[in-house]
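Trainee: First to last, the protein sequences are chains V and S. Position one of the first sequence corresponds to residue 1 (the working numbering), numbered consecutively onward. Position one of the second sequence corresponds to residue 1 (the working numbering), numbered consecutively onward.
With a straight-line Cα cutoff of 30 Å, these simulated DSBU-like cross-link-like pairs (lysine-lysine) come out:
no., chain 1, residue 1, chain 2, residue 2
1, V, LYS111, S, LYS41
2, S, LYS55, S, LYS20
3, S, LYS55, V, LYS1
4, S, LYS41, V, LYS1
5, V, LYS42, S, LYS41
6, S, LYS66, V, LYS1
7, S, LYS64, S, LYS14
8, S, LYS14, V, LYS42
9, V, LYS42, S, LYS55
10, V, LYS108, S, LYS41
11, V, LYS108, S, LYS66
12, V, LYS42, S, LYS20
13, S, LYS14, S, LYS41
No lab work stands behind these hints: they were computed from the structure.
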Amino acid sequence: KQEVTQIPAALSVPEGENLVLNCSFTDSAIYNLQWFRQDPGKGLTSLLLIQSSQREQTSGRLNASLDKSSGRSTLYIAASQPGDSATYLCAVRPMNYGGSQGNLIFGKGTKLSVKP
Amino acid sequence: GAVVSQHPSRVICKSGTSVKIECRSLDFQATTMFWYRQFPKQSLMLMATSNEGSKATYEQGVEKDKFLINHASLTLSTLTVTSAHPEDSSFYICSARQSDIFYTEAFFGQGTRLTVV
Numbered sequence: 001k002q003e004v005t006q007i008p009a010a011l012s013v014p015e016g017e018n019l020v021l022n023c024s025f026t027d028s029a030i031y032n033l034q035w036f037r038q039d040p041g042k043g044l045t046s047l048l049l050i051q052s053s054q055r056e057q058t059s060g061r062l063n064a065s066l067d068k069s070s071g072r073s074t075l076y077i078a079a080s081q082p083g084d085s086a087t088y089l090c091a092v093r094p095m096n097y098g099g100s101q102g103n104l105i106f107g108k109g110t111k112l113s114v115k116p
Numbered sequence: 001g002a003v004v005s006q007h008p009s010r011v012i013c014k015s016g017t018s019v020k021i022e023c024r025s026l027d028f029q030a031t032t033m034f035w036y037r038q039f040p041k042q043s044l045m046l047m048a049t050s051n052e053g054s055k056a057t058y059e060q061g062v063e064k065d066k067f068l069i070n071h072a073s074l075t076l077s078t079l080t081v082t083s084a085h086p087e088d089s090s091f092y093i094c095s096a097r098q099s100d101i102f103y104t105e106a107f108f109g110q111g112t113r114l115t116v117v
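Just chain V, with the same shape it has in the complex (with noise of 0.2 Å):
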């Protein structure tokens, strides 16, 4: 069964900082990975998608990096704001899955706080 851990549960920086968020996964087959920010009671915005094929994907100051065999994606995210406070989610589509093709496992996410 796929299960995806997120550590830290939640991380305080102060401004400017750069910091990274881990992702891991148990079952290295997936199709793809993917990082979400949620705010508070919204909904899920799409940060980037990580084919399983690719390394890495980068959009603006932040950085994904995949790792499927060792079931591992971290979010790198450059010179932090307190606009990037949220909380991070990372998610999985996993390839055996039974009926529900398709679909994402996801983390319980990284709650970031980015202090003025």
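Based on these hints, arrange chain S on the given structure of chain V.
Mentor: The following block gives chain S in isolation, referenced to the frame of chain V:
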């Protein structure tokens, strides 16, 4: 990216009543829609998968008679929580996929915060 609209964003209902949540794909046709539920400090958990014109596939432990899903058109899926109880209070969110290729990206709605009193 494609836009998925979910309505309402918040709803408070009395115990025993039913609540309907709508999920619409605004600028694409969604062959598949997913419904997730998120309890406080927990992961989003898949409840069911719906394909247009066919019955939804429910995950283990999700009561299909309680959570009615209808995907009558390629742009609209609805989730009806019947005979709601306080333990049904949660954050419900849908996502929609525009392709039959199941590993392509799905786009999420804004979510619905349901409170049953």
